[in-house]
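*Asks:* Keeping their order, the protein sequence lines are chains C and P. The opening residue of the first sequence carries number 1 in our numbering; numbering runs sequentially from there. The opening residue of the second sequence carries number 1 in our numbering; numbering runs sequentially from there.
Incorrect hints may appear among the rest.
[Unchecked claim] Covered stretches of chain C (in silico footprint by chain P; criterion: 3 or more residues with CB under 8 Å from a CB of chain P, positions within the stretch not fixed):
#, region
1, 125-136
2, 177-186
[Stated by the list, open to error] The following label-pair restraints were derived from C-beta to C-beta distances:
#, chain 1, residue 1, chain 2, residue 2, range
3, C, Ala171, P, Asp11, 33 to 43 Å
4, P, Ser157, C, Leu229, 52 to 62 Å
5, P, Arg79, C, Ala171, 29 to 39 Å
6, P, Pro241, C, Arg116, 24 to 34 Å
Honestly, the hints are just simulated from the structure, not real lab data. The beta carbon of each residue, even a glycine, is placed where N, CA and C say it ideally should be.
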Amino acid sequence: MATLELVIDEDVASGPVTRTRRLGPLFWAAVGWTIFILAAAASAGLLPLPSPTDMDMLERRAAPSVLHWLGTDGLGRDELARLIFGARVSLTVGLCGPVIGLTIGGALGMLSGYFRGRFESLVVGSMDVLLAFPPLILALAVTAYLGQSLLNLTCILGVLGIPAFMRVARAATLTLARREFVIAAQALGATHARILLRELLPNVLLPLLAFFLLGVAVTIVAEGALSFLGLGVPPPISSWGSMIGEGRESLEIAPRLAFMPAIAMFLTVLSFNLIGDTLRALTDPRQGAL
Amino acid sequence: MSEPVLLSLEDVAVDLPTPRGNLRAVDRVDLTIGAGRTLGIVGESGCGKTMLSRSILQLLPKKAKLSGRVIFDGQDLARLDPERLRKLRGKSLAVVFQDPMTSLNPVLTIGTQLIETLQEHLELDGQAARIRSAELLAAVGIPAAEQRLAQYPHQLSGGMRQRVAIAIALSCEPKLLIADEPTTALDVTIQAQILDLLAREQRRRHMAMILITHDLGVVAGRTDEVAVMYAGRVVERAPTPRLFKNMHMPYTEALLAAIPKIDAAPHTPLPAISGRPPDPTRPIPGCSFSPRCHYASSLCHREKPLLGTAESPDHQFACFHPISLAAGIEA
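If we strip away everything but chain P, and leave its shape as in the complex, we get:
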């Protein structure tokens, strides 16, 4: 990675107090992302992906406690004063949410929502902001952009709404875009369009992107690096091609196996991951994946594996029994 580091998370943990006890949503995560690079964060529901993205934006629920450091562009966001943080959001950091049905204000036209964001951050006058808004809508592939400005979110389809949400996020040329499951609420044909749009705009604007998803298929080919999360921890992290060619973590393998194959015979049972993720309010002593893991030994149930490397420094994984690793390298 020759690019300078734009964002680095150091030992980030998020604790949420719940009636059932403390819930550790994100457990000591270290990640870095270089300017203009794409990082995919993959994991099943409830593994802490969204909380991780919220901790970057400092938009955690009020009761949540964040520890560790979130260094963005040389500043620790966790310790930045609210006013500086507010100025940074939108302008340097932007986010696209999962559900475009709820991430746009239902009673304002999309024009109003775009234009006001532009006026707020770029201090454009009304006319200039209007022209720029139409350009942005056209850039995200919305036909007849000028007329669309006068429409309300409910008059647009889901895919169109997500394009509008992307246009708003891109409006101030952010350095980092966080896409939090941007295609989960959309149907499959639109998914590819939205992902291609994000990839294209990302390259064109040379911005860094964090693509959060539960679908390994989404990150393949669209990200430079992938981090797999499980129960709040990063369990495997590698450059995308290396991860798909040579994964070491049984969880990653199980995730990949759970993707339906198009050439599988009809009625082939899907190899779903058996069991359920551990209760985050009741941490277990060993590896959090061990109850569901085929390869688990007694060591896995007793001790937590730490993130380590084997044959290459940029491929990290947290497992005592890494798969598809030549014998002898085993630590």
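Here chain C stands alone, though its shape is the one from the complex:
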């Protein structure tokens, strides 16, 4: 028994194993595009761009030139400036909306999955009500009462995302809460708060974050659809959706006015999806663990 330590012939630690998985050019292209669009949107005010709201009636639907790199729209406003300022709106709504869903939905999902009982029935029931409510009617009602603004738009899309996040968090919590490590933590005298925050949250966060990036993509599209219908941010502020809506009027004369914001949206959504998928595959320790 004294020789116990000598019997161990298992591999001696060589520091944490570093991951050397290839990420692939597609992932880096997606990261590059996302960084580019985020940087452009963040520094839109600093860039030497023409004003996105100044109209030039003599230069309506002008072709790309040195002055207007991507030409002008139906009211003679610089298309590039509108695209970049529009990215601000689309990305703000696209990122902030899912954050609302992630925090509220994630918290409700974890609490209901962990404590079960009457609280769970209440949460699941109210989420079903929210899901059954037609989203477009909600958007119409809120904008009619509270007015069209960036904040209202973000809140609507955020609230609509709560049930989905709640379900993802609850499903993950339900399976995890029965695992032995949770009982082990209880046996070590951990409080409910500790188990939720330290034992369960890091496990639930991975599927939630992967879903968050998907949510960003979906929200950008949803914001586009709402703006296309005229329920988005009020003019003259541009967003990709409203630009597509405005471009529709001159689709035969200048199709690029509708296609350019559509392409920007397509690439951004695709990038978020690609990054989300890759990160989920990379950070999922359970692949190797079980």
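Starting from the structure of chain C, add chain P where the hints point.
*Replies:* Chain P in isolation, oriented as in the chain C frame:
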């Protein structure tokens, strides 16, 4: 037993409501364990070993009903308020689970899991907790402990993970360690190492240990006392040497016979216990082992034998026809 009693179970029963009716997982168990002693609980799957250990920790499933008293260090755990109970767990009572694959959190490094437990219970600062964690890992036989702290459970082998689980359980110097089939999920060469480690740490820290297993071979030589469980009841209980020398309960004998012998000729059929354990939702009137017992008489099918003693007060058994007992003592 000169040691003061650390834990005593008095008339403990656990009832689980199931769709098929009430399931009595633990049926009126009385057990005591002295400080620094080792008690082995042996029985086949589903006989209530795990539920018994969970009832000591008060970690039964929410729907389960516990009756009886669980006196630990003078306090009845079944009636202790949740906050006091929480403080007691980890610090005085610790547990090592069967499967180290699932008893460690997969997304936290083992360092995080150890250090946070230490900070929580012993109120150490970060640096002190880190040093203590490395010491603990070294104590349970993990080489290069300092580097191991930064690793995740999936980077360790099963045996290493169980050592980590033991280190976490030992971290706050518990008075009682419950090892719930600690080696069942490990391969045989690692089993002996883990059991020796548990025995060594137990002696060194003078802590009491309950070793739960389905393997009589595991408790032999490593425990002071053995309780054999069948269908939720303790059917035989004796100091380990006495039990192996002179067992009285046919079930214990059958369990021992079911261990493969290394000197048996090849292709010797293993004398497995015929039949299956009784359905715990449908209790039978007589001895619960009687349908599978070679010695069963009509009395066994009609009446439940109670735990009694024969030639020595510390050897209890529940049988009408005890084996290897000199004639004339038969009650």
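*Asks:* A separate judgement is required for each hint: does it hold in the structure or not?
*Replies:* Comparing the hints with the structure gives:
Coverage of the region 125-136 of chain C by chain P is violated [criterion: at least 3 residues with CB-CB distance below 8 Å; count 0]. Here the region 177-186 of chain C counts 7 residues with a CB under 8 Å from a CB of chain P, which clears the bar of 3, and the coverage holds. Here the CB-CB span from Ala171(C) to Asp11(P) is close to 41 Å, well matched to the stated 33 to 43 Å. Under the hint 52 to 62 Å, the C-beta atoms of Ser157(P) and Leu229(C), about 59 Å apart, fit the expected range.
For Arg79(P) paired with Ala171(C), a C-beta distance near 36 Å keeps the hint of 29 to 39 Å intact. Between Pro241(P) and Arg116(C) the beta carbon distance is about 48 Å. The supplied range of 24 to 34 Å is therefore violated.
Of the numbered hints listed earlier, those contradicted by the structure are 1, 6.
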